[in-house]
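Enquirer: What follows is the residue order along each chain.
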Amino acid sequence: MITRRTAIAAGLAAPFVARSQAQAQAVSRAETLLLVQEYGPNSLDMQGIGSSQPVNGVALNCYDRLLRFKPVPIPGGGGNTVSMGELEGELAESWQVASDGMSCTFKLRDATFHSGRKVTAADVKWSLDRACTIGGFATTQMNAGSLEKPEQFVVVDEKTLRVDFIRKDKMTLPNLAVTIPFVFDSELAIKNGGGDPHAKEWLKNNIAGSGAYRVESWKPGVETIYVRNDDWKCGKLPQLRRIIARDIASPATRRALMERGDADVSYGLPPKDFKDLLDAGKVNVVGVPIPNGVWGCYLNTQVGPFKDVRLRQAVAWVMPYEKILQASLFGRGVSMAGGKDPKVAWPQPFPYTSDVAKAKALVDAAGGPFTTTLYFDAGNATVAEPMAVLIKEALAAIGITVEINKVPGANFRTEIAKKTNPMVLNRFAGWLDYPDYYLFWTMHGNNSIFNIAAYQNPALDKLVDAARFAPDKASYDANVIDFIKLVNNEVPMVPINQPTHDVALQKAIGGYQFQPCREPDFRYLTKG
Amino acid sequence: MLRMIGQRLMTTIPSVIGVIIVTFLLTRVLPGDTAAYFAGPAASPQAIIEIRSKLGLDQPLPVQFVSYVAALVKGDLGTSLTTGQAVTKDLAARLPASAELTLAGLILAMAVALPLGVLAAVKQGSWIDHLCRIVATAGVSLPVFFTGLLLVYVFYFILGWSPAPLGRLDVFASEPPRITGLFLVDTLLARDFETFRGALAQLILPAVTLAIFSLAPITRMTRASMLAVLGADFVRTARASGLTDGKVIGTYAFRNAMLPVVTTLGMVFSFLLGANVLVEKVFAWPGVGSYAVEALIASDYAPIQGFVLTMAILYVALNLMIDVLYGVIDPRVRLEG
Amino acid sequence: MNDMAKVEPVPARAIPAEPVPALRFEAPPSTSLWAHARHIVAENPVTGLAFGLFALILLAAIFGPSIVPYDPLASNTNAALQTPSRAHWFGTDQLGRDIFSRVVAATRLDFSIAIFSVALVFLMGGLAGVMAGFYGGWIDKVVGRVADTIMAFPLFVLAMGIVAALGNSVGNIVLATAIINFPLYARVARAEANVRRDAGFVQAARLSGNSDWRLLLTQIVPNIMPIMAVQMSLTMGYAILNAAGLSFIGLGVRPPTPEWGIMVAEGASFIVSGEWWIAFFPGLALMIAVFCFNLLGDGVRDLVDPQRRN
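Protein chains in written order, with our numbering: chain W, 2 to 529; chain B, 2 to 338; chain D, 1420 to 1729.
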């Protein structure tokens, strides 16, 4: 049988021969990867203000960092995930933490930028300074690992850089491996920056890095084409020479492209499609439970009915965990119901199961019935809407009437920043996989935007802070167990499930690598 | 003639000003805080305030309006947050895609609708008439996104006749050198028939989707116009003087009936250009419509303002052109100013 | 830009409206209207079909929610995504809700959206148009400019903007649909009122000492009703399509309320995976309703168009 794909390949061969002058066409399809994604980058500079999620992929593939997370096999097979605790050098050939534990010295590899210039410690310092001072998300992320001031980055010599710690923070080194602290060709950036010390405008539209790929063409909203940097020094030379990342908004179209074999890789399909693709077996689906990620129902602890802890517990008791997992996630996740003993892990099941009688008793004790509103981000509607409908139905049974409010993506952040919404469905996933990191963002008294429940409890803050900067593992574990027990009882957020991060790949594609930023890492992928 | 056009232009100014004001106000009351969006997740309130003042969003509305208009006069439509590019650049890059799709849809619709309309008029009251009416009405009764999805499912997914709905060209083909921006024209000019075929294959399904939707207005217009003309004295005279039916209908009636149809076409075109928003979304067509939807969902002011303004100006220009043409074709029609 | 004085064909927006010929008859006696209606239906079976469908929709809107076999909101995750069967005529959706029940129950909401948006635009556009046509002068200018400004917008995007700005509730969808249809109604009403301003029967009423308002209400408005009725049935279909389009991009009514557009939008992502019935049946209902309103418009036109009376 002549498949559609071979027919296309045959049809395509002719024009390529005819137009061999077009350089880009010279790369054969076997060395080219076609990725289809919902939307592409809105900038090429992940440190810049307002960069969208896919820009992480640009940072990952086109730039290098000092460190990277070590790949470890996914337990279920299909590729690699990362091990948070284990790091390997990317631009750093070696690194050494000082004996007092208050600084770390990095030795750089002999790497070159795409421009041909050698990567020096000055470039690293310029880039880390930039991340700490540019403001917005980049600076916040740097601060999360206690990287706060330019003075912390010291050039020792051309190939050596020292990072001074302002406190002992187990997240400092892992935080150098996330996508933010990547290294620019500082001379090139400054030269083209037009007087802006951060060269924001120029770097937004141009790559000045040393990474495994260069951006050959970028049409925002349409496609991004990457070509391999054959001089990449920071790892094994990638097999794929060219990557075409097309923006296809419709998930149905993306699924069809995968099923028909026209696209090689697709991220971000609805769970139903991943399940079907997996069942059909024509393409590979690799799933990783999102580290540090959980769908939760946030219950406002400051305003509205859920000020009363009994009602929060009632919601936890009546949450249709299993139904949601099947009908909304199609099994692509892990239920968070019925946890036994608190562990040092996040997320983990809370000790609640679906128990209507218990829930109803709590509502009655709190003086029910009540009426409330449940909010979720319309951008997540595929998963969140069925979830919301099931929650509405379940809560109706215990005397809580819920109205559903689907908030358009752009408003969602404004809406949760108000901290007045009684019930919000949201998925939060921290890049750094530590329980204290998650709680620091979502339940700590610093009241970050993700503390949607507006939870304020000095006792919790104390435990979380103690865990963040714990001097040893024993005290860390003790603090974590204590704060887990506390939130198990207080439930400012009812954890519903830990979703799976799925990727569909044609059978010929290998080398899948999961990254905490959840963007494709082309450097490890293979074809054929 | 020039004076007439000038006068006519003058009368369009108030509605363009109206469009500018309404769009400005509408985009400002859109919920969603641009500054918060810009600041990214985990931004401190302080950071949001800084960005707000950087974007000038802390100024009172009239001040913002003045600076918006001042920039507009210089041809600056602002920068899109979602694509990170200047709106003028984005629109210029995307407008040809929408224009090509709309034109193709319109031509396709005309190819079907004109004969249908004429047939319906000639056989008025017969089953052919009813059938034409049902077909055309059924077409306009389908939501375009539904038609589009159905076509993709049947012709791409099940039958495999159509190429993957990946936009204007197959991923492995390269764009022709840009002359008009319409791929079908540019590839022909470059004598690149392979790419022409590719571009055409990509265009068919979305164009058919649009055509199905625009079938009804054109069929109805043609039918009504034909009926009016067929009842006119000169047609009766022509018939009475022994001309064949074919000659009467083809030459006399059809030509005269086309005038009002042409007027409608201009409006159908501008309507489709704005309305193919949903078709573009289904077919990943990199046009202005999908651009505007994405921007609206993201509360991204500048592209919406730019899109609406461009559409308004196009609409005004098209109508002006048609009026002038109309005046040229039919001297009895004089423009009132 | 287009001076309202120029009688031009009603712009073909989504509503396929051909220029409606000016009426040359006034206040037809009702008995002959009924006879005429029977004649129209007899002569034009398609119109008969439309009236039949309309009756069906009306019945579903009134009694639908009380006669459906299942609770349209009740989920049953054990019976999710079932193909159409004897138990579930139209199959079930992702949450195991019965699609037949949801489609029928949705009729009332969709019908209401159509009715209310048309009633609203009739009040706004009709009144503005009549005033403009009757008084002329600055009122005419203002109404004309407002209509022109709205016309110059890409209408669907304007509707999106209004709903996005005011929030996605049924009320705002109705309002947005009414606003984008405003120019159509204003123009038709204006042209009609303008023609009749100096008609003999109006002059006669004026001479017998009636005030302007009385003239408007007793002479002008009743006489433009037939032609407005044509407009209204044509716009009703568009109102439903418009709401469906808004739903598709996520600006529709709130879940879990059943509404055809949102059901099609939700089901759209299931088409490729083979669960065609989720989008198909609401889509069919949507199409039938719009189809019916459009044909009805033609039927009403035939009914009131004296050129077809014989």
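If you're looking for bench data, these hints aren't it; they were derived computationally from the structure.
Heads up, a few of these hints could be off.
To be verified - The following label-pair restraints were derived from C-beta to C-beta distances:
(1) W/GLY194 - D/LYS1560: 23 to 31 angstroms
(2) D/ARG1673 - W/ARG311: 27 to 35 angstroms
(3) B/GLN125 - D/TRP1632: 37 to 45 angstroms
(4) B/GLY76 - W/ASN206: 16 to 24 angstroms
(5) W/ASN144 - D/ARG1673: 58 to 66 angstroms
(6) D/LYS1560 - B/ALA112: 36 to 44 angstroms
(7) D/SER1485 - W/GLU404: 22 to 30 angstroms
(8) D/ARG1673 - B/ALA112: 56 to 64 angstroms
The beta-carbon is built from N, C-alpha and C at its ideal position, and this holds for glycine as well.
Enquirer: Determine for every hint whether it applies to the structure shown.
Expert: Checked hints:
no.	hint	result
1	W/GLY194 - D/LYS1560: 23 to 31 angstroms	violated, 54 angstroms
2	D/ARG1673 - W/ARG311: 27 to 35 angstroms	holds, 28 angstroms
3	B/GLN125 - D/TRP1632: 37 to 45 angstroms	holds, 43 angstroms
4	B/GLY76 - W/ASN206: 16 to 24 angstroms	holds, 20 angstroms
5	W/ASN144 - D/ARG1673: 58 to 66 angstroms	violated, 38 angstroms
6	D/LYS1560 - B/ALA112: 36 to 44 angstroms	holds, 41 angstroms
7	D/SER1485 - W/GLU404: 22 to 30 angstroms	holds, 23 angstroms
8	D/ARG1673 - B/ALA112: 56 to 64 angstroms	violated, 42 angstroms
This entry does not satisfy hints 1, 5, 8, going by the numbered hints stated previously.
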